[in-house]
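Residues per chain are reported as follows:
There are 4 protein chains.
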Amino acid sequence: MSAKELKKNNIIENALKLFSKKGFYNTTIPDIAKAMKMSVGNMYNYFASKEELAKYAIKYSTNILANQLKEINHKQISSKEKIFLFTKQYLENVKNSPEVIEYFLRVYLSNREVFAQGCEGFLCVSEFVTEVMILLDEGAQSGEFREQEFFTAFSMIMGCLGGFAFLSGEKVLDKDLIEYSNSISENIYRALKSDKA
Amino acid sequence: MSAKELKKNNIIENALKLFSKKGFYNTTIPDIAKAMKMSVGNMYNYFASKEELAKYAIKYSTNILANQLKEINHKQISSKEKIFLFTKQYLENVKNSPEVIEYFLRVYLSNREVFAQGCEGFLCVSEFVTEVMILLDEGAQSGEFREQEFFTAFSMIMGCLGGFAFLSGEKVLDKDLIEYSNSISENIYRALKSDKA
Amino acid sequence: MSAKELKKNNIIENALKLFSKKGFYNTTIPDIAKAMKMSVGNMYNYFASKEELAKYAIKYSTNILANQLKEINHKQISSKEKIFLFTKQYLENVKNSPEVIEYFLRVYLSNREVFAQGCEGFLCVSEFVTEVMILLDEGAQSGEFREQEFFTAFSMIMGCLGGFAFLSGEKVLDKDLIEYSNSISENIYRALKSDKA
Amino acid sequence: MSAKELKKNNIIENALKLFSKKGFYNTTIPDIAKAMKMSVGNMYNYFASKEELAKYAIKYSTNILANQLKEINHKQISSKEKIFLFTKQYLENVKNSPEVIEYFLRVYLSNREVFAQGCEGFLCVSEFVTEVMILLDEGAQSGEFREQEFFTAFSMIMGCLGGFAFLSGEKVLDKDLIEYSNSISENIYRALKSDKA
DNA sequence: TATGAATGAGAATTCATTCAT
DNA sequence: TATGAATGAATTCTCATTCAT
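Protein chains in written order, with our numbering: chain F, 1 to 197; chain C, 1001 to 1197; chain U, 2001 to 2197; chain D, 3001 to 3197.
It is worth saying that the hints were derived from the structure and are not from the lab.
Don't take every hint at face value.
[To be verified] Calculated from the model, a selection of chain C residues having no Cβ within reach of chain F, i.e. all distances over 10 Å:
hint, residue
1, Tyr-1044
2, Ser-1110
3, Ile-1134
4, Gln-1148
5, Gly-1162
[Claimed, not checked] Below 30 Å or equal to it, Euclidean Cα-Cα: the simulated DSSO-like pairs (lysine-lysine) are:
hint, chain 1, residue 1, chain 2, residue 2
6, C, Lys-1175, F, Lys-59
7, D, Lys-3080, U, Lys-2080
8, C, Lys-1037, U, Lys-2008
9, F, Lys-193, C, Lys-1193
10, U, Lys-2022, D, Lys-3017
[Claimed, not checked] Some chain D residues near chain U, calculated using beta-carbon distances under 7 Å:
hint, residue
11, Phe-3151
12, Thr-3152
13, Ser-3155
14, Phe-3164
15, Arg-3190
In this text, a Cβ means the ideal position worked out from N, Cα and C, and glycines have one as well.
Just need the whole structure built from these sequences, with the hints factored in.
Laid out in structure tokens, this is it:
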């Protein structure tokens, strides 16, 4: 990876943190530049606009999630175990790299106008969506999961996890995040599993 | 209700629509004034600031949801039926009054800074949260639902519904929203129900 | 004329002076606001953009020239006298209201990109062009002027006058502008007149 | 000519094209560097500033015109024929090397501030002005032209030609440029010629 | 109550120029 | 000579809020 590529990634990481903490519109380019100890003008040598940076950031953060899930999908374990593993992983992200999850929830989902051009459909998050699809398809094929439409299952899994991430951000939970892992997995698994499983 | 109160409500409804469609930061006071056919200055006779208006709007829209759920909670039906009814109702909202749901998802959840002072905890949405609590408590007491912590159940229900509302907004669903009602209810119910139920 | 209209005109006049003196790109909105003793933001309550202001300015200044020439055209005098009168008038403008002429020469003619949308063809200067056309047509019909294509005659008249206005701006002339009036008129008239005249 | 001199000329030619097409302020040093397939920094090894480059460009383009006119002046033909020849030559330039003419009209004449220091008076275009002077003086001495002040005659010739070049740039002419050559020459010649001629 | 002109701080973005390599 | 990352001041435009009427 070239020095320029490395710096681009570095900017993305800083932007990710700031965007997720303060929101897209409350994060200014000078904010990001300051975090980078870089001049404002130089930022534009790396990204043509704040929007472009936001689009790179969603791809970057989604890739992290996609890779984690892909690794889980590759394991020789039951779909139930995959659900439990992914849930745990997700909550650990919320705990340790909250910006990755929060960016998705608070920036990507809420600022459609920013991602309208260039991220149509699921274009910028497709790698992750694909892995969820694989998880669900394999579960259904093995008979572990009920047959159901993708979107209802998808919104169950991600809504459940995303909703909990929000609660965590609201600081209303009294226990450590990870302790909720089994309960949440259980909810998701029960919703998905076939009656014979 | 006084004439002033009526006008306030009218402003809130217009603001709700604009905020949910364009986001908090892309909706200007002149935008809202224009929708109201009212002068900018006069707006400030009703609300002290844009933020205050946003806070009134979250209370207003949450009340609609709370009242709907309260009515369902009062019915003499099983908890399962309540889940199915609420889900249907929610999806009908998404279809017919999208601003109520979208405001919650795209403005309230994503712009923490706006609601930081005055809506701490669940202050501005407490009526609705309370009704969900009642739904869950009664289900647990009757033995229909498993015992589980409130927050895991809450985030499952609302995440599931909210997630689907997002998908609907993304225009990726090919069927009419209402047709998904049973599948979604089924997922939620299965996640909640006790093994004996 | 409403107070707002009056103020708009006042802004146009100030902009005209600044644009013509310093050029379009070296005149900033704060410059114009300062000349108006008005805040920058308020400027935008009158004109949506710097470009829009520049377009209003060309119409405003062209109208002045058009009205002067129209008055001359209405007189019951020979075409030769009209040429002499118009030339004198034009040079008096250069001397007393240089911004009107300079704006045309230094802003309108040179910054095509600014006037590209909205002033296509001669849209923003058509009233003046029309009067020149009338002057030439009537001279040709009365037999005073040779028959010739409009554009060759037009560019001769306006090039001759505009060129001299430039020289005046360059401060290379040693006599008072008005003293050149007859020589210039003579040149223009000789170029136009028919051999029998 | 040294390799460095050659490259300088090459830069000037590219700058001439870009400046005349997009204007001085809309042409950036990176634009010119890109056209040269050269780095931005290296540009500054050849020209100390954008303004200096613009000054070299006016000298370069004026020299082209000056040399053309000088050659015509050296011919053993009547002044009338010289006028006709120069006009034709000028229009051919407009057609085939528009940048040379447009640079003069759209950059040099309109951005006084750029050429203020270093091109005072006619310093940067003096070679060309001198040749026009020679053309006029010889015509007057031979009795072909009327006696008249240099500046009135100069603005007639160059205004007439420049004005037509502008019209050509505006794309309002329906015939090929060269076809207007005789009419324009005729206008200029009639304006200048003595009554006995 | 109602109007809308006025304010001014702050946003994103641009670009001539420099300089370490 | 050549590169292109880095600087930072400057520019246009926006908008919540105020206030005289």
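Consistency of the hints with the structure:
Once the 10 Å rule is applied to beta carbons, Tyr-1044 of chain C is consistent with being away from chain F; the minimum gap is 22 Å. The claim that Ser-1110 of chain C lies off the interface is violated: its Cβ sits roughly 3 Å from the closest Cβ of chain F, which falls inside the 10 Å cut-off. A cut-off of 10 Å between C-beta atoms confirms that Ile-1134 of chain C is not in contact with chain F; the least separation is 18 Å. Interface exclusion of Gln-1148 of chain C from chain F breaks down, the closest Cβ pair being 6 Å apart, not more than 10 Å.
Taking the minimum C-beta to C-beta distance to chain F, about 6 Å, the non-interface status of Gly-1162 of chain C is violated against the 10 Å cut. Between the alpha carbons of Lys-1175 of chain C and Lys-59 of chain F the distance comes to roughly 29 Å, so the proposed pair stays at or under 30 Å and holds. Distance restraint check for Lys-3080 of chain D and Lys-2080 of chain U: the Cα-Cα separation of roughly 25 Å lies within the 30 Å cut-off, and the hinted pair is therefore satisfied. The suggested pairing of Lys-1037 of chain C with Lys-2008 of chain U holds, with an alpha-carbon distance near 25 Å, which does not exceed 30 Å.
For the hint linking Lys-193 of chain F to Lys-1193 of chain C, the alpha-carbon distance of about 13 Å falls within 30 Å, and the restraint holds. Of the pairs offered as hints, the one joining Lys-2022 of chain U and Lys-3017 of chain D holds, with about 24 Å between alpha carbons and a cut-off of 30 Å not exceeded. For the restraint placing Phe-3151 of chain D at the interface with chain U, the shortest Cβ-Cβ distance is roughly 5 Å, inside the 7 Å limit, so the hint holds. Proximity of Thr-3152 of chain D to chain U holds as hinted, the smallest CB-CB distance being about 4 Å (cut-off 7 Å).
A distance limit of 7 Å between C-beta atoms decides the matter here; for Ser-3155 of chain D the minimum to chain U is near 3 Å, and the interface restraint holds. Taking 7 Å as the C-beta contact cut-off toward chain U, the hint placing Phe-3164 of chain D at the interface holds, the least distance being around 4 Å. The criterion of a C-beta within 7 Å of any C-beta in chain U is met by Arg-3190 of chain D, whose closest approach is roughly 5 Å, and the hint holds.
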